[in-house]
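Fit chain B to the given chain A structure using the hints.
Protein chains: 2
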Amino acid sequence: VSGTIGDLTERELIARIQSHLLPPPRWMVVGIGDDAAVIEPERNRLEVFSADALVEAVHFDRRFTPPAAIGHRALAVNLSDLAAMGAAPRLALLSFALPPTLPRDDFDGIISGLAALAARHRLHVAGGNLTRSPGPLTIDITIVGSVKRRQTLTRRGAMAGDHIYVSGSIGAAAAGLQMLQAAGRHDASGEICVQRYLYPEPRVRLGTLLGRNRAASACMDLSDGLADGVRQIAEASGVGMTIDAEALPIEPGARSWFASRGEDAVLESLTGGDDYELIFTVRPRQGGRLKPASRHGEVPLTRIGVCTAGPAVTLRRMVNGTAMETPIPSGFSHFR
Amino acid sequence: VSGTIGDLTERELIARIQSHLLPPPRWMVVGIGDDAAVIEPERNRLEVFSADALVEAVHFDRRFTPPAAIGHRALAVNLSDLAAMGAAPRLALLSFALPPTLPRDDFDGIISGLAALAARHRLHVAGGNLTRSPGPLTIDITIVGSVKRRQTLTRRGAMAGDHIYVSGSIGAAAAGLQMLQAAGRHDASGEICVQRYLYPEPRVRLGTLLGRNRAASACMDLSDGLADGVRQIAEASGVGMTIDAEALPIEPGARSWFASRGEDAVLESLTGGDDYELIFTVRPRQGGRLKPASRHGEVPLTRIGVCTAGPAVTLRRMVNGTAMETPIPSGFSHFR
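Residue numbers (this note's numbering), protein chains in the order written: chain A, 22 to 357; chain B, 22 to 357.
Looking at chain A on its own, in the form it has when it is part of the complex (with noise of 0.2 Å):
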């Protein structure tokens, strides 16, 4: 068994969290361990960059959350952020403020939930920052990727009569925290969101397909729910949106543990966040686009609404065999 990481110098950091990475590739000019890392962007590319932050105590608890998958989780935040964009990954800085208690196992099972991502999508770390930290344990990556110019996606794209679609399903990963801050027991259904939350899986490679072939015309992730997600395309593209609440891809498991504590499946859904799936708008003549992201996005593609001229956001669901159009709760919150 081994110590905390106080007693280790920095350098015996770095050297443990090398010990987990790919070899640094030919465009690396400088990689770790200088003032700076420094790379040869690709011809004809954008560079696109993205940075998030995860903190202990307000993004993750701990108690129930594995090392494995405390570093799979602030790796997967920033790779979605990449895959909204349409950009292919290129390498991430990480910065750490690390607890001196933190056991070095826990350290080491971190970087190795972290790199286990990275390898799988090709990205490279090329350096950061590791300093000590008073109060919690905080990870905070910045990513860079490289886009075409034509083909990167952004949340401003999107007009009236737009279909509106999502990746995958969503509510997952809201009803596997309350899962595991229940600390009960759950069935395998229920797993399945457990499983979501903790490493959840960003869609890099549908993110590249839809900026491909341009069949996006606007794109963003869910870190903060659907809710959010819908809102924040509408503002941004400048029209108003309808979601249709039948056709929403609620997770199976989490349908039925909302419905098990009396709560509204829709709503839950609806506002959960942490599912890192992709929400997009799809010009209606261009639907055939969607046919290679379907094939080899690796994910389900569900048409959940529709873009309106207006500016309101609502969501249309059937109470007791009526239509009925309610403007979709707001995401705007306090910092508290």
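Any given hint could be a false lead.
It does not matter which identical chain is used: a pair holds within one copy or between any two.
[What the hints assert, rightly or not] In silico EDC-like cross-links for lysine to aspartate or glutamate, where the CA-CA straight-line distance does not exceed 20 Å: (1) Lys169 <-> Glu346; (2) Lys312 <-> Asp129; (3) Lys169 <-> Glu63; (4) Lys169 <-> Asp82; (5) Lys312 <-> Asp265; (6) Lys169 <-> Asp129; (7) Lys169 <-> Glu61; (8) Lys312 <-> Asp82; (9) Lys312 <-> Glu63; (10) Lys312 <-> Glu31; (11) Lys312 <-> Asp127.
It is worth saying that the hints were derived from the structure and are not from the lab.
For chain B alone, coordinates are given in the frame of chain A:
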């Protein structure tokens, strides 16, 4: 008087940041507000990346560090890393972990200190991340710059016989921090030290000049002090180094501060961090290449020693009329 940031939404915080920033340049295809930033890099240029974090109670003390100085320092440490590579700054991603009790005026002060330094170096903020912190205020910045391949400065190129130079003066920031901690009165020469600690000037212009005419064979910035810098370059380049104590450009206010406390000004200035000067090596025949850097680098350059064949890193000092060589203390320390 305004309240704390806990009552604002993330959007409102982002709007407060944007109000301080330069308008985005043409090469920034997508800036703040989408899933990621997208840039179009210049042709025939390498991209340089660095990440560095400031954590409250580890890297700064809010009791005596004004908000503008916190923002300035957070960016300065990153700009200094680019300067050490010979790279010109292009963009930065800002990742903040904010305690909800942080006063809004302090938040705005941090941003304005950071934005003022960014504007002076034509650095553009391309995005980032905001999260709340249940612990310390943390500012994690990833900075991206560009440099031509042949003009890149690393730590690896020093050879035996190369002369060793340092820019500006050393010891000032360490003395200034002690003055702030002592909270007593100090004279004008002490105020220079305090200002150096609060508002260090990253040597961006000097770094690009040293790279442009290939004057320096190795280069690094003094974030952790000169003793650490000489060891890092010596190890990366596979050389030894002898530093001449009498030649060290110790800031006068620091020298008298350390003397007044009965401390050895040479040792304190060698091991004191936060000066953010550049240390670099120059082939003896190529000393003439330093002229443009001396003339336009906006900071004096001082020759402080020579690279040797052996691995030893030593300080040469006159003691009672005799030259003594002693090992320079190691910068390694545990992570606590």
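Cross-check of the supplied hints:
no. : hint              : result
1   : Lys169 <-> Glu346 : neither (39 Å within a copy, 58 Å between copies)
2   : Lys312 <-> Asp129 : neither (41 Å within a copy, 48 Å between copies)
3   : Lys169 <-> Glu63  : both (10 Å within a copy, 15 Å between copies)
4   : Lys169 <-> Asp82  : neither (38 Å within a copy, 45 Å between copies)
5   : Lys312 <-> Asp265 : neither (22 Å within a copy, 70 Å between copies)
6   : Lys169 <-> Asp129 : neither (36 Å within a copy, 36 Å between copies)
7   : Lys169 <-> Glu61  : both (16 Å within a copy, 10 Å between copies)
8   : Lys312 <-> Asp82  : neither (39 Å within a copy, 56 Å between copies)
9   : Lys312 <-> Glu63  : neither (28 Å within a copy, 35 Å between copies)
10  : Lys312 <-> Glu31  : neither (49 Å within a copy, 37 Å between copies)
11  : Lys312 <-> Asp127 : neither (42 Å within a copy, 52 Å between copies)
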